[in-house]
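Q: Sequence:
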Amino acid sequence: MRRSIPISVLLAVLVASTAAAQSRYLPENRSGYGVAGQFQFNDLQSVIGIDLGMSLRGRFDASLALGWVDLDRAVIGTGGGGFAVSPAIRYTFLRPTQTGGLGVELDARYERGSYTSDPLDAISRRVVATHTSAGVTAFWRIHSSAKFNLYPSVGVSWVRSELTLGGDDLFGPEENFAWEFGLAFLADRRVVIAPAVVLIDGETTQALRIGLVLPGT
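Numbering (this note's numbering), first residue to last: 1 to 217.
If you are wondering where the hints come from, they were derived from the structure by calculation, not from laboratory data. You may find that some hints are simply not true.
Claimed, not checked - With beta-carbon atoms standing in for the labels, derived distance ranges: (1) F148 - S124: 47 to 57 Å; (2) P173 - P152: 28 to 38 Å; (3) A187 - F39: 11 to 21 Å; (4) F83 - A62: 18 to 28 Å; (5) P119 - F148: 46 to 56 Å; (6) D72 - Q98: 29 to 39 Å; (7) Y33 - S124: 38 to 48 Å; (8) L199 - I48: 14 to 24 Å; (9) R112 - P152: 25 to 35 Å.
This structure is a prediction, so every number in the text was calculated from the model and none was measured. Heads up, the beta-carbon is just placed ideally off N, CA and C, and yes, glycines get one too.
Please put together the full structure from these sequences, using the hints given.
A: Put into structure tokens, the structure is as follows:
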């Protein structure tokens, strides 16, 4: 089994985490909700996911990401795949003004994924991956018009990963740093399109996130 399995499974849900911040796109002191779909891929897997979240006063975010994962046969054998769930919290430490400027976000996330394959099914076993991360993201709000804004960003996260097979330790714990580079487009103050690239331990993952931000009170 490849040494990079914890990294590849990690990227299934965490890769687009910084693009999930609803507060980034809301006016200051305004609460709201967000829903988004995302597609991600690298050499070892492809992922289709959904992210549901809420923002409190444009500062505090809470979200839950779900991912359906298709794994390359080199990871855990033919027919490999599974499901991952990842709750997260986020705080916008520094907000840009309505006309633009620098913003800074702090976030923490936990992920648990369960994966199987044809060889593992034959012995009634599953691989369970757990990941914990904490990071910081800097972004810049570029005000183009009343209905269109750009948000280039760069983030770095500390990540701790571990794998088990049928309750027995398989690999880890391992610690790494992940770098994420993104460019989000906000149209009509509601529609978010956010491509991103994540680099971690020699692996490169590309992602595309499309969602809606729904302002509340």
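Q: Decide, hint by hint, whether the structure agrees.
A: Now the hints, each set against the structure:
Between F148 and S124 the beta carbon distance is about 53 Å. The supplied range of 47 to 57 Å therefore holds. The given range of 28 to 38 Å is respected by P173 and P152, whose C-beta atoms sit roughly 33 Å from each other. Taking the beta carbon of each, A187 and F39 are about 19 Å apart, inside 11 to 21 Å as hinted. Taking 18 to 28 Å as the suggested C-beta distance range, the pair F83 and A62 conforms, at roughly 21 Å.
The hinted window of 46 to 56 Å between P119 and F148 holds, with their beta carbons roughly 50 Å apart. Between D72 and Q98, the C-beta spacing of about 45 Å breaks the proposed range 29 to 39 Å. Between Y33 and S124 the beta carbons are some 41 Å apart, a value that agrees with the proposed interval 38 to 48 Å. Range check, L199 to I48: about 22 Å between beta-carbon atoms, so the 14 to 24 Å window is met.
Between R112 and P152 the beta carbon distance is about 31 Å. The supplied range of 25 to 35 Å therefore holds.
Hint check: a violation occurs at hint 6 only; the rest are consistent with the structure.
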